[in-house]
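Those protein sequence lines, which keep their order, are chains A and B. In terms of the numbering used here, the first sequence has 97 at position 97, counting the first letter as 1, and numbering is strictly consecutive. In terms of the numbering used here, the second sequence has 43 at position 43, counting the first letter as 1, and numbering is strictly consecutive.
Careful: at least some of the hints might be erroneous.
Unchecked claim - Calculated cross-link-like contacts (lysine to aspartate or glutamate; reagent style EDC-like; alpha-carbon spacing at most 20 Å): (1) Lys130(A) <-> Glu70(B); (2) Lys150(A) <-> Glu30(A); (3) Lys150(A) <-> Glu70(A); (4) Lys130(A) <-> Asp148(A); (5) Lys130(A) <-> Glu14(B).
Hints in this document: simulated from the structure, not taken from any laboratory.
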Amino acid sequence: MSVIVAASLTQRFGSEVGLDGVDLDVDAGEHLAVLGDNGAGKTTLLRILATAARPTSGRIEIFGLNATIERRRLRGVIGFVAHAPGLYPALSAAENLEFYCTLQGVDRGRVGEVLELVGLAELARRPADKLSRGAQQRLAIGRAVLHDPKLLVLDEPDASLDSGGADLLARVMRGRTAVIATHDHALANRLCQRTLVLRRGRVVGVPTRLRVVQ
Amino acid sequence: MARKDLTSEWRTRELVPALAQFVVLALVIANFGFQIDSRNAPAIAPGVLWMALVFAGLVAFGRAFAAEREQSSLEAMLMTPASPAAIFAGKALAAALLLVLCEAVLLPALALFFSVPLSFEVVSAVLLATVGMAVLGCLFAAMVARVRARELLLPLLTLPLWIPFIVFGGQAVQVAMGGGGGTGNASGLLIDLDILFVVLTSLAARFVLDD
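Using the sequences plus the hints, can you model the full thing?
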């Protein structure tokens, strides 16, 4: 069953084209890596998949719902990690997650589980602005899975993560459908079953099934 | 939402001390700039009060969404199922409470510098106006948060709709200070305006906060 079905997705920013006629389908439980140079349209595509942006034209359905109309409904089942962590610097790691528990309608007991999952249990009381960049990224990833989403959309989540980052991403992606944008082909090969390559807003070639290297 | 903003402000103390300092400075300058005596103080004090409040309000409400934009946290917040109206209400409540903290400094200082009475009527008029100014200020602050010229645009958009609050609030304060004039029901009009703009801004919040 396809979780994401997108046809002719186009995004224009004035006279500039961010995405140009992108077709996409992602099956349930599948992990898709979106690759491409800077400015290829990866972030634009992921923001549309996460319902953070509406395409200029084209059709996109997520879990069978029109993603340009049912955005609020879909946000309860989508977890999004954007470029910037978007944390509240004066609040601790735990307090940041507790705040989002309220927004997501999730029990606050989930905060401890998520901090354990992302390896920040010992830094729960540290203010977010006192966390390292890598720890902030881990916290942002934790925030994205706080509500146990069925679909994860991750925009270069490996940025600033240390060597354990790949294991962390594998843990959070397990059992979910995921679309991840990355420059790291080795990471894509490890975490994903398929790749999609973008160049200047267009899909290059066909989505490729990766060989799993044992 | 409000608790989050107030906690952040309590820990950073970025806004309230600066605003409190500003309003006291405004009073000091007005005290030296005007020839204040017991006859003209009730006429001048309300104007000075509202001038200080307007400028402090523009800063306080402008920061409400500018801070979220700088931290890249506004989008993360909107990416939840939480209602934009609820998010907006929380932001407006927090910004209003921060302005009330400044008013807690401003009003006693006004009474001290201008030797005017600080009565329940004065305080209630200021608080009533703060509600309406907060919802309007935060709505326009949310609208201009993504724009580069937001410091220029926010006063241009906000001040015209703040004028009724300044007019009726000024009348209510002037009457309470024994200055006379104005309508007898300025406070009632402030309540009506508060209800009107709280409802309108709550309805508009969804369209302003969501793309």
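Cross-check of the supplied hints:
{"no.": "1", "hint": "Lys130(A) <-> Glu70(B)", "verdict": "17 Å, holds"}
{"no.": "2", "hint": "Lys150(A) <-> Glu30(A)", "verdict": "11 Å, holds"}
{"no.": "3", "hint": "Lys150(A) <-> Glu70(A)", "verdict": "16 Å, holds"}
{"no.": "4", "hint": "Lys130(A) <-> Asp148(A)", "verdict": "27 Å, violated"}
{"no.": "5", "hint": "Lys130(A) <-> Glu14(B)", "verdict": "17 Å, holds"}
Checked against the numbered hints given earlier, this structure breaks only hint 4.
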